[in-house]
Amino acid sequence: MSTFYFIAFLSIFFSILVISAKNPVHSILYLILTFFTFTIHYILLNAQFLAIVNFIVYMGAILVLFLYTLMLINLNKESEPVKPFMVKIAGVFGGGILAVAVASSLKLMGASNPVLLQNPDLGLVKNLGKVLFNEFLLPFEISSVLLLSAMVGAVLLATKEKEPKAA
Amino acid sequence: MESLTNTMHAVPLNHYILLSTIIFAIGVMGVLIRRNAIVIFMSVELMLNSVNLLLTAFSVYRGDATGQVFVFFIMALAAAEVAVGLAIIVMIYRNTNSIDINVLNRLKW
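Residue numbers (numbering that gives the first Met the number 0), protein chains in the order written: chain A, 0 to 166; chain B, 0 to 108.
Looking at chain B on its own, in the form it has when it is part of the complex (with noise of 0.2 Å):
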């Protein structure tokens, strides 16, 4: 594990920061070009993951153990979206038969 770290040592900090918002601009983009409302939601997971990866370097940066402790909390959090936000996609697919977003337009007003 001690050579593992070591060969790390030369990685800026700006090429963490440019991965993780390719990433997020991914899942960005799945959010906006998909309808189905499972792949929405996979997109999401893929932004809290990018992010989760951008606290854990700045962690690393800057010696501090606070932001891989945020980084469990975001965990946690994400754990608890899914499950509710899975159980509200099952429930719209039995009333709907459908899991396209745009059906839910009848919530605009």
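Only chain A is shown next, with the shape it has when bound in the complex (with noise of 0.2 Å):
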């Protein structure tokens, strides 16, 4: 029980240093470790197909190609633009808001009962499996068009006209 504590102060200490972090290159390595700390939860969760999935997907691919475009872009130090520090406390009331009104609608609706794992296999492959194969195969293969589109976008985005326009 207390490791699910420890394992969420870890999350929210090392998602606000993500957004504080002066250096980009900084701020991916703590996402990094920020999703790691998720894929802890979901172990504990035994969501076992998701925390692999989370580790493949999030911290492998991911956070790779966010890893590579700071690299391919060159950030200087003088590139890094600040905001005004008006701008800054706005933004973090507002956020401070969002998360208040959501704890406090959640104080009125009282104690709410433990998380229970009632079937010891809900998170394993088989299981999942046959849900997603059996109730979701059409999403499945829609995500698979979805994926070729994206592909095809970035690849679109990502090259370099051949001949200059001003030429």
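Worth double-checking, as some hints may not be accurate.
[Unchecked claim] A short, non-exhaustive set of chain A residues, derived as facing chain B with CB atoms under 10 Å:
1) Thr33
2) Asn53
3) Val91
These aren't lab readings, by the way, just hints derived from the structure by calculation.
Glycine residues also receive a C-beta, built at the ideal position from the N, C-alpha and C atoms.
Two chains, two frames, some hints: make the complex.
Right under this line is the structure:
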């Protein structure tokens, strides 16, 4: 039980570091740590398939993509823009209001039941695969089309034009 | 693994909702206070992940595997979104030599 609170504290701590780090590379490294704590949350919930997918897709693929883009862009120190102080205060205030609103409405609901795992093999690959390929077969196939179109779109957007426009 | 999940049995659902809310709010703050487009993108990823965690917690709470399948779809969506978004950022950088989102205010009209 206390494992959850420790990992939750780490998640919040690292996600605050993500948005407050000056250097974008440090932000990405803290984001990796945040996603690692999320993987531990999934393991604690016994969602083993999601833990592995989170580990591979987020920490493996997406963050490598972020790092590659950042290195491609080659940010310098002077190119890091800073917002005015008042805008920062307003942004933190707005986000804090959102958190307080949800938390107070949660308090009105009163105490909740604990999260109990009734079925121990709920999050295993076998069980999830049965649900995925019976009830959600059509969305699964459509998501393959989505990934293909995203791949084509990304290549189309990121390739340079052959001849310069202003020549 | 059995002993690991047995230690979890006392966490109330409200605490999962609270954790997800806090991380979602941190993501919103990140979008609002940063001007670097890549960091804003990372804040969006943070928000997606907090929702994923909440969906998984509800799925375990209800004993229904549908929530975890939805998390899987959200991850596929996030991968597609990141690929297209980073391509757009690279293109913006090539055209303007900066990833400050304020240079994009010419898109307003």
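_Name the hints, by number, that the structure is in violation of._
none
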